[in-house]
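So the protein sequences, as listed, match chains A, B and C.
Residues -13 to 486 (my numbering) make up the first sequence, in order.
Residues 286 to 498 (my numbering) make up the second sequence, in order.
Residues 3 to 253 (my numbering) make up the third sequence, in order.
Bear in mind the hints are in silico, worked out from the structure with no lab data behind them.
Each residue gets a CB set at the ideal place from its N, CA and C atoms; glycine is no exception.
One or more of the hints may lead you astray.
One-sided and incomplete, this derived list gives chain C residues near chain A with beta-carbon spacing under 7 Å [unchecked claim]:
{"hint": "1", "residue": "L9"}
{"hint": "2", "residue": "G21"}
{"hint": "3", "residue": "P38"}
{"hint": "4", "residue": "T42"}
{"hint": "5", "residue": "H63"}
{"hint": "6", "residue": "D66"}
{"hint": "7", "residue": "G69"}
{"hint": "8", "residue": "Y71"}
{"hint": "9", "residue": "Y135"}
{"hint": "10", "residue": "T139"}
{"hint": "11", "residue": "C179"}
Output of the computed footprint for chain B on chain A, the stretches with three or more beta carbons under 8 Å from beta carbons of chain B [as the list claims (entries may be wrong)]:
{"hint": "12", "region": "210 to 221"}
{"hint": "13", "region": "262 to 271"}
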Amino acid sequence: MSGTFVGMPAFPEAAREAVADPTLRGNLRHATHTIRAKRAAAVAEVSDWAELREAGKRIKDHTLRHLDRYLVQLEEAVTAAGGTVHWAADAEEANRIVTRLVKETGESEVVKVKSMATQEIGLNEALEAEGIRAYETDLAELIVQLGKDRPSHILVPAIHRNRGEIRDIFRAEMGEWGRPAPEGLTDTPAELAEAARLHLREKFLRAKVGISGANFMVAETGTLVVVESEGNGRMCLTLPQTLISVVGIEKIVPTWRDLEVFLQTLPRSSTAERMNPYTSTWTGTRDGRAGEGDGPRAFHLVLLDNGRTDTLADEVGRQALRCIRCSACLNVCPVYERAGGHAYGSVYPGPIGAILSPQLRGTGSEIDASLPYASSLCGACYEVCPVAIDIPEVLVHLRERVVEGGTVTREGNKVVLKPARGHAAERAAMRAARWAFARPGALRAGQRLASRTRALHPRTLPGPGRAWSAARDLPAVPAEPFRDWWRRTNGGNAEEGTTK
Amino acid sequence: MSSRELILGRVRRALADVPPDDTPYEDAVARGYLREHGERGVEETVELLAENLADYRAIVHRCGEDELPSLLARLLAERKASTVLVPSGLEESWLAGTDVARVADRAESGPHELDAVDSVVTACAVAVAETGTIVLDGGPDQGRRRITLIPDHHICVVRVPGQVVSSVPQALERLDPGRPLTWISGPSATSDIELDRVEGVHGPRTLEVILVG
Amino acid sequence: MRVALFLTCVNDTLYPDTGRAVVKLLTRLGVEVDFPMAQTCCGQAHYNTGYRHEAEPLARHFSDVFGEYEAIVTPSGSCGAMVRELYPRMGERARAEGRGDALAATLAPVVPKTYELTEFLVDVLGVTDVGAYYPHTVTYHPTCHGLRGLGLGDRPRRLLQAVEGLELVELPGADECCGFGGTFALKNADVSAAMGTDKVRNAEATGAEVLCAADNSCLMHIGGTMTRLRTGMRPVHLAEILASTEREPAL
């Protein structure tokens, strides 16, 4: 994935800063709580939500099961409709293909629709290095780009910014990139949206090359689908002469009809709307067909692997490829709400990021090895996921990979991972605990020792125990464990007094 | 080896653990969900469409076929539009009541040219009551996608009840995936500032929908 | 009816009062309770931290100890969920690793007959009024594995509402995790503590004297945060409230 995040500290350290930042905490709390209640209401409106969720899961599972077949079918359909299909095994290859395609048009700037895939591969940086300027046109992406910031949310990459901060960024930076912010710009959302409209208008109208991702690709028809709100997507998809779409290979659905599921579940899960303001679908180009001159004359589809086939090879972890990037799991996650998106060190933050990044990138780096632990396993993410990804299950599975090592697939090859360093003491403790728990006598001896020395127990701990007692007191150890009471009183029958 | 072969090979190896399954797709996925939500009569469906359009800040009008030209003339006048984009196949009579200058939807028109136009009037392909959505498919009475994108004022005429369906599944059945489709639910909006919805970004900030019939 | 009390290692060691309360409550309702002395730990901490293979012998031991009982009752949503949800998954994973059906077959008998306490009361015994008396203002925190894992729904609340003298007040953000999460509390201590603080502040805002939950591991975290923040609220396990009567009130 993007080089932007290389050298990230492990999640707990990165999260510590966020937890201590009251503005960030306030921004995230406000935004996530706003959307949580709305999503719940939007979902409650449809009585067949459970069935839609199940169908979505099955469509995606079936597609992944036959992914090779559907990829070939999609390629045929897109080609027949006048598009050109490219295959990119990794980020570098995808960037190379896109750069070449842009250069072939002779243009040195492109307009972009918000796209997770192009964020993932660091396309903007790759284009910049070749002298091509990429303008982000989604409002939140614009805020991130102008603020020289990193995205912190899948749907709303600038969720960590409040309206006042956004106004300051617009005032300070818009002039550097084009039309400056209007005089006297305030922090009302409507004015901020208007400022973005004016700033981006000139870029849309002169754009010759558009770059997008896609929410769905229909194998049987070769149709691509972009779901959006602002109209920046429509601008980028229809005004330029050349359109380049970079899409992960898992975004396929087999049939046109399958959209009836996802066009119901995606808007309600992401923006909590019955339907998002704009959805565009296109099949190849209109050249030589009715409506000639409608939309780009050249269409390129870049199919991206970049770790997806490795993820597909993991029988527990592959369910992460069902993800439709709605971000409902981020919005309900109590850990995301406090740690913020940047702590995840990836364009995919939150619960889905915690299972996606370590699979797409492997668990080799400090941040990736720490992500599976960035969860209390509360299950709120699984509950809201519209394609029923059991995120806690995959988190635990990835923890196992970190501590035990084992066989994984990297770049298509099976490799055997060693257990991660830094878990040796924990591993020894877990083994010791397992040994004791397999022997009730050993457990009882430990309990008694704890009870007899209870007067000596502090309420706070030194050393590694500080992790607990820095913020919480320890419970008092009782005079006797339950099992001693049970034995002493014959199951409470010989209980002294009347307390039991 | 090409990247195509490389990726397809990786996919096949990745699935080596999965038992073969040649169930036809129609049978592989259980579709226990509804074709539409609730039971409504024709008029109730149209009312639901109007309600949901309005809920997402589209301005909804209803009129009879014969009243349409005067209504369109009035809406354009209220908007103080001096130019209006007209798709080539738009019903001639619809704009018979207005003398606002017409601009044709032509292949050679550039974006800057369209940016100078005040309003656009189109028909639609289908409208979805449950979601308050109108769908354009680039048909002759709807024109190229950009004409409903660049002007700031879009008036869309829906023939009721003929063009109205209840649900998303029913809408997809009626639509041709080979055509470029634009699904529109209210004017453009964003939730990018504090996850709160604000109307009016890049697409037309005013969407008026006329239910005719 | 004769049932086994699966108390959990945390309750056995640190919260014997909860165990005594369950015994008292079930005995009062005419249930014969046994505490198999060989019980230790269900293996949840191992499993959830990534040590599934270390958890397997503990799961087999659990099955050996509890397999013969008619019903297994536990005052812990998360340990109950471990048996009900994750034991079957452990069996599946062993099968996928080419180790056959042995583990799945060993664990299968205990899965359907393990009940979290409130399930046992409401679904098996069919009672919501257990004859308890507890004259205090109480707010209830549904713990995650009980709420979302086992789907306890409104069972705990129905039981609390039937308690004489008890005033139940709504906890804002009740469904949100308290931040315990087992080893999460140590590995991500800052986030965990922030979640705990928010939970305690919400609880305080209710004006209740007692925060009740049906899982002592979460209460250990919430209670430890409460005393650190000097709130004056008390964390109390649901079983202790349900065991309390006018004649023999809870401490």
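Results of checking the hints against the structure:
no.	hint	verdict
1	L9	holds, 6 Å
2	G21	holds, 4 Å
3	P38	violated, 9 Å
4	T42	holds, 4 Å
5	H63	holds, 6 Å
6	D66	violated, 10 Å
7	G69	violated, 16 Å
8	Y71	violated, 15 Å
9	Y135	violated, 15 Å
10	T139	violated, 23 Å
11	C179	holds, 4 Å
12	210 to 221	holds (count 6)
13	262 to 271	holds (count 8)
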